[in-house]
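One-letter residues, chain by chain:
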Amino acid sequence: MNSKLKKTIKGYFFISPSATVMIVFIFFPLLYAFFMSFHQWDMSSQAIFVGFQNYVLALTSTQFWNSMFYTLYYVLGVLPFSLFFGLFFAILLRDGTMRGVGIYRMIYFMPVVTSPIAAAMGFNWIFQSQMGIANHIIEKFGGQDVSWLTNPTGILQMFFNNFNISLPTILQGPSLALVVIILLGIWQNVGYSTVVYLAGLQSISSTYYEAAALDGASEWKSFWNITLPLLSPSTFFLMIMFTISSFQVFGPIQIMTPSGGPLNTTSVVVFYLYRQAFSYYNMGYAMAVAFLLMGMILLATIFQFKFLERRVYE
Amino acid sequence: MSKRTNIRVITLKHLILIAGSFFMLFPFFWTLSTSFKSLKEIFKNPFSLLPANPTFGNYVAIFTKIPFARYLLNSFVVASLTTLLQIATAILSAYAFSRLEFKGRDLIFYTFLATMMIPGQLLMIPQYLVVSSFGWVNTYQGLIIPYTATAVTTFFLRQFFLTIPKDLEDAAVIDGCNELQILTKIFIPLLKPAVLTIAIFSFMWSWNGYFWPLLIVNVPNMRTVQLGLAMFRTEGGMQWGQFMAGTVVATLPILIAYFIAQRHFVKSITLTGLKG
Numbered sequence: 005m006n007s008k009l010k011k012t013i014k015g016y017f018f019i020s021p022s023a024t025v026m027i028v029f030i031f032f033p034l035l036y037a038f039f040m041s042f043h044q045w046d047m048s049s050q051a052i053f054v055g056f057q058n059y060v061l062a063l064t065s066t067q068f069w070n071s072m073f074y075t076l077y078y079v080l081g082v083l084p085f086s087l088f089f090g091l092f093f094a095i096l097l098r099d100g101t102m103r104g105v106g107i108y109r110m111i112y113f114m115p116v117v118t119s120p121i122a123a124a125m126g127f128n129w130i131f132q133s134q135m136g137i138a139n140h141i142i143e144k145f146g147g148q149d150v151s152w153l154t155n156p157t158g159i160l161q162m163f164f165n166n167f168n169i170s171l172p173t174i175l176q177g178p179s180l181a182l183v184v185i186i187l188l189g190i191w192q193n194v195g196y197s198t199v200v201y202l203a204g205l206q207s208i209s210s211t212y213y214e215a216a217a218l219d220g221a222s223e224w225k226s227f228w229n230i231t232l233p234l235l236s237p238s239t240f241f242l243m244i245m246f247t248i249s250s251f252q253v254f255g256p257i258q259i260m261t262p263s264g265g266p267l268n269t270t271s272v273v274v275f276y277l278y279r280q281a282f283s284y285y286n287m288g289y290a291m292a293v294a295f296l297l298m299g300m301i302l303l304a305t306i307f308q309f310k311f312l313e314r315r316v317y318e
Numbered sequence: 012m013s014k015r016t017n018i019r020v021i022t023l024k025h026l027i028l029i030a031g032s033f034f035m036l037f038p039f040f041w042t043l044s045t046s047f048k049s050l051k052e053i054f055k056n057p058f059s060l061l062p063a064n065p066t067f068g069n070y071v072a073i074f075t076k077i078p079f080a081r082y083l084l085n086s087f088v089v090a091s092l093t094t095l096l097q098i099a100t101a102i103l104s105a106y107a108f109s110r111l112e113f114k115g116r117d118l119i120f121y122t123f124l125a126t127m128m129i130p131g132q133l134l135m136i137p138q139y140l141v142v143s144s145f146g147w148v149n150t151y152q153g154l155i156i157p158y159t160a161t162a163v164t165t166f167f168l169r170q171f172f173l174t175i176p177k178d179l180e181d182a183a184v185i186d187g188c189n190e191l192q193i194l195t196k197i198f199i200p201l202l203k204p205a206v207l208t209i210a211i212f213s214f215m216w217s218w219n220g221y222f223w224p225l226l227i228v229n230v231p232n233m234r235t236v237q238l239g240l241a242m243f244r245t246e247g248g249m250q251w252g253q254f255m256a257g258t259v260v261a262t263l264p265i266l267i268a269y270f271i272a273q274r275h276f277v278k279s280i281t282l283t284g285l286k287g
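Protein chains in written order, with my numbering: chain Z, 5 to 318; chain G, 12 to 287.
By construction, these hints were calculated from the structure, which means they are not laboratory data.
Backbone N, C-alpha and C define an ideal beta-carbon position, used for all residues, glycine too.
Honestly, I wouldn't trust all of these hints.
[To be verified] Once the Cα atoms are required to be at most 27 Å apart in a straight line, the calculated DSSO-like pairs of lysine-lysine come out as:
1) LYS8(Z) / LYS55(G)
2) LYS55(G) / LYS24(G)
3) LYS114(G) / LYS14(Z)
[Claimed, not checked] Some but not every residue of chain G turned toward chain Z, in silico, with C-beta under 10 Å:
4) SER32
5) LEU36
6) PHE47
7) SER49
8) LEU83
9) LEU84
10) LEU202
11) VAL236
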């Protein structure tokens, strides 16, 4: 046997366990999902080929588009605040010689390792309408109880209600229930972005700041012109990570609003497709929705690469 | 900056950071505090921050009324075996991808990597069908096997394999070692810290996993801790004291692991961007 062939056989031998698992549980399911998205199938009777019908049904369904909107609200709510607070705390924690830095870091990272289910349980309890501590505190200050998880009105609409203005549906904003779920998302992300930003800050050489100080730049100016541009790779990385994970939020939704929230206002795409598959057994339709979701995530990622990566300073 | 303004700045920093810590810790504190309160106290308003008469009643209840011990056991079995197998497959393939030369190596590696971009939910339904056609619904193998090879673990270990100088291996080859011996005698001992780090992450991902167990488990005694907790919440009415006790028990193992390996966690995130 020649040595090249021997080497190839050895190589395949070493990757065969991983490759087998991936073929059976990732590549085959991917093809199967694609195939299924063109069929109508309820898991018990024979699958019927329906062409693009599932995709057309989804794209013309109000429920599907609503779930897309709620997902978008969630992503746009979680993303900026996770980045902002992460950067904010990273800058405060930048000086490694400050007392207690290690303890703060440890505390800020605790929500990141907590499971979304457990975290959602805690938040659910805090925001219970009758016994939750959030309302107890509001009462204490003489305020009215808030029905956090059961009021379907969008928060922007709530604000404009004061002036008797009613907004078009798209502009009404997320319901309070979704806002609470967004808060939970931010709470779980901040520690992660703090750590990533801290690593970014450590790689910025102090000579930049010294030069800027010599030129008489204020601290604010050197933050704006040195820190922020040099952190853009971290920001970019975090945006991609958070976008991908936020589009797929599911567990917290199911814990806090098991039926999809007041008037379905927390029924994000994954929740919608889960219910289509396992409550109504519309398997083909659910797979079409899953591919549309993947398309959305891809679009969002490509958008970020195209329009934001250019601004990443390297 | 004068000394006095410096002290002022540092005090202000601490005040803000403490306020931040308060928001980060409050949900943990409130969960823990509620879990030790009696039903009567939970419903009381004005509320008290700490339980007036701490009781273990809620903990006793979740271990006697529902099979919480069984959930914990299931999670331990699933998370440990998943981690073990995931590391084993990843070490083998990471070694091949970084050290062996063979036809199609890079193409296969990038195909592996591309799987990270696929949203998990897209695959779950066909994965469910595959697993059920094997008759693995409601079994440990059904919970474990689909997760025994992941691109993240392979990629992470490959990056570490690449940092080891080639001379070491050459010496071993001269001494007559074969690839498997090189791997077990040279690479694994050198990479112990990296392996431990990724092991902790794998364990955490597996322990915190929810969607997959939700799909393939439909009998109570095969539920994992996350699934048990979620089902308990949706079926258990208003037992908030018990819910919180369950939440504490489900979270504690991960928090303990995190406290022990804190440094590894933070370091590997800064190195590779692994996410919790």
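Verification of the hints:
no.	hint	result
1	LYS8(Z) / LYS55(G)	76 Å, violated
2	LYS55(G) / LYS24(G)	37 Å, violated
3	LYS114(G) / LYS14(Z)	11 Å, holds
4	SER32	5 Å, holds
5	LEU36	6 Å, holds
6	PHE47	14 Å, violated
7	SER49	14 Å, violated
8	LEU83	13 Å, violated
9	LEU84	17 Å, violated
10	LEU202	16 Å, violated
11	VAL236	9 Å, holds
In terms of the numbered hints stated before, the structure departs from hints 1, 2, 6, 7, 8, 9, 10, listed from lowest to highest.
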